[in-house]
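> So you can see what is in the structure, the chains are spelled out below.
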Amino acid sequence: MIPAAFEYVRAGSAEEAISLIAQHGDEAKFLAGGHSLVPLMKLRLAQPSVLIDIGRVSDLSYVTDAGDHIAIGALTRHRDVETSPIVLEHAPLLAHATSHVGDPQVRHRGTIGGSLAHADPASDLPATTLALGATYVAQGPNGTREIPAGSFYEGYLTSVLSPDEMLTEIRVPKMNGAGWSFQKFNRRAQDWAIVGVAAWRNGSEAAVALVNMASVPVLATSVGSAIASGASIEDAAAQAAAEADPQADLNASVEYRQHLARVLTRRALEEASA
Amino acid sequence: MEISITVNGQSVSADVEPRTLLVQFIRDNAGLTGTNIGCDTSSCGACSIHLDGEAVKSCTILAAQADGGSVTTIEGMAAADGTLHPMQQAFMDNHGLQCGYCTPGMVMAATSLLNENPSATEEEIRIGLEGNLCRCTGYHNIVQAVLSCTKS
Chain E
1043 MIPAAFEYVR
1053 AGSAEEAISL
1063 IAQHGDEAKF
1073 LAGGHSLVPL
1083 MKLRLAQPSV
1093 LIDIGRVSDL
1103 SYVTDAGDHI
1113 AIGALTRHRD
1123 VETSPIVLEH
1133 APLLAHATSH
1143 VGDPQVRHRG
1153 TIGGSLAHAD
1163 PASDLPATTL
1173 ALGATYVAQG
1183 PNGTREIPAG
1193 SFYEGYLTSV
1203 LSPDEMLTEI
1213 RVPKMNGAGW
1223 SFQKFNRRAQ
1233 DWAIVGVAAW
1243 RNGSEAAVAL
1253 VNMASVPVLA
1263 TSVGSAIASG
1273 ASIEDAAAQA
1283 AAEADPQADL
1293 NASVEYRQHL
1303 ARVLTRRALE
1313 EASA
Chain B
1194 MEISITVNGQ
1204 SVSADVEPRT
1214 LLVQFIRDNA
1224 GLTGTNIGCD
1234 TSSCGACSIH
1244 LDGEAVKSCT
1254 ILAAQADGGS
1264 VTTIEGMAAA
1274 DGTLHPMQQA
1284 FMDNHGLQCG
1294 YCTPGMVMAA
1304 TSLLNENPSA
1314 TEEEIRIGLE
1324 GNLCRCTGYH
1334 NIVQAVLSCT
1344 KS
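Chains E and B supply the protein sequences, listed in that same order. Read left to right, the first sequence gives residues 1043 to 1316 (this note's numbering). Read left to right, the second sequence gives residues 1194 to 1345 (this note's numbering).
If we strip away everything but chain E, and leave its shape as in the complex, we get (with noise of 0.2 Å):
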């Protein structure tokens, strides 16, 4: 299969794509590693006119320690981050879940911004980072903001990036030393998961965030409230499903969904609890 016809350019900084993107409008894409794009312009489901590849941006690429936060350049490939000792030590959740998207070929090439501004409710990133309490630096013509995971998410493959902002920058607290789980449920090798959890816990705090159990990733915010007001394993993670709003389809029914999501939440604070 072969991507429609499209006219190729390349950045060499933000700066440039920016003003690539602002150039060729909202026809235009940005190219990072490709491995959520390609397959749809392969598919033909996507046909944008332009790619302005930023995949040569090196200085975004990169893992930081910021003190409080680290800092992760949005172009830094999936392999980078499940490797990076500073991931490893201050937010092994992430890196954990890193090491489950795709495959090892996949994380050769993806990245952390491209999965993130993809904003695929299947992939693992999204659920992780929302669970995190990360915040995404994104860049555009008129300088760079900083949005919440939790309110990055608008719908279905959709963000409230504007066409001519870019990720640059993932900033993710630093976990310090909270329990942690990552948990994903599909059939068959390197599938996206039927339900998803990211999940930490820091005594009685503690946060639970669903792959896959709506049209965006959600943060099920009555399993920590249960938590915190002193509730056991079982009956928080029986609140699992309170915020999600899952969609059938081949794999699974709302109800299973529900269910996995409970199951999964149990199994999740078990592990981060131990």
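Some hints here could point you the wrong way.
[Unchecked claim] Examples of chain E residues lying across from chain B (beta carbon under 8 Å, computed):
#1 P1045
#2 F1048
#3 P1081
#4 S1103
#5 D1107
#6 A1108
#7 G1109
#8 V1148
#9 R1151
#10 F1227
[Unchecked claim] Reference listing, derived: stretches of chain E covered by chain B, where coverage requires no fewer than 3 residues with Cβ under 8 Å from a Cβ of chain B:
#11 1133 to 1147
#12 1242 to 1250
#13 1284 to 1298
[Claimed, not checked] Examples of chain E residues toward chain B, derived with CB under 7 Å:
#14 M1043
#15 Y1050
#16 V1080
#17 L1082
#18 H1150
#19 G1182
Honestly, the hints are just simulated from the structure, not real lab data. Treat the numbers as computed from the prediction; the structure is a model and nothing was measured. Think of the CB as a built atom: it goes at the ideal place given N, C-alpha and C, for glycine as much as any other residue.
Based on the hints, put chain B in the right spot on chain E.
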């Protein structure tokens, strides 16, 4: 657009459409057909090659993205005198192939895996090869072949 990619140590230049996939460039422009196209949706791994030393799926990368890069395909694995790469020999010794269609991708993925984790365990090999499908379902011998190449 004019692009140039080093394939198995030889520079290959061509004037291609931007939508040309890396696997097409390898097969049609470099003339190396050992790299197979399987699912064409980045699931099966038959098109796995090394780009700048790491296994990638060449059906999901534009040739333009690899412009200036260095590619190794299955044809670049054996020594100049024809001596097989140890991983190729291990697949032969362990009967790690049946129909052979997945084999080039398996060998490329497996060598990349062991470059990153030379003493991988059987479980790590099974997980590490999850991006490569063998429809003969000959996974057992494939895993044994890769295991025989680890530093234990």
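> In ascending order, which of the hints set out earlier in this document are inconsistent with the structure?
When the structure is compared with the hints, numbers 4, 5, 6, 7, 10, 12, 13, 17, 19 turn out to be violated.
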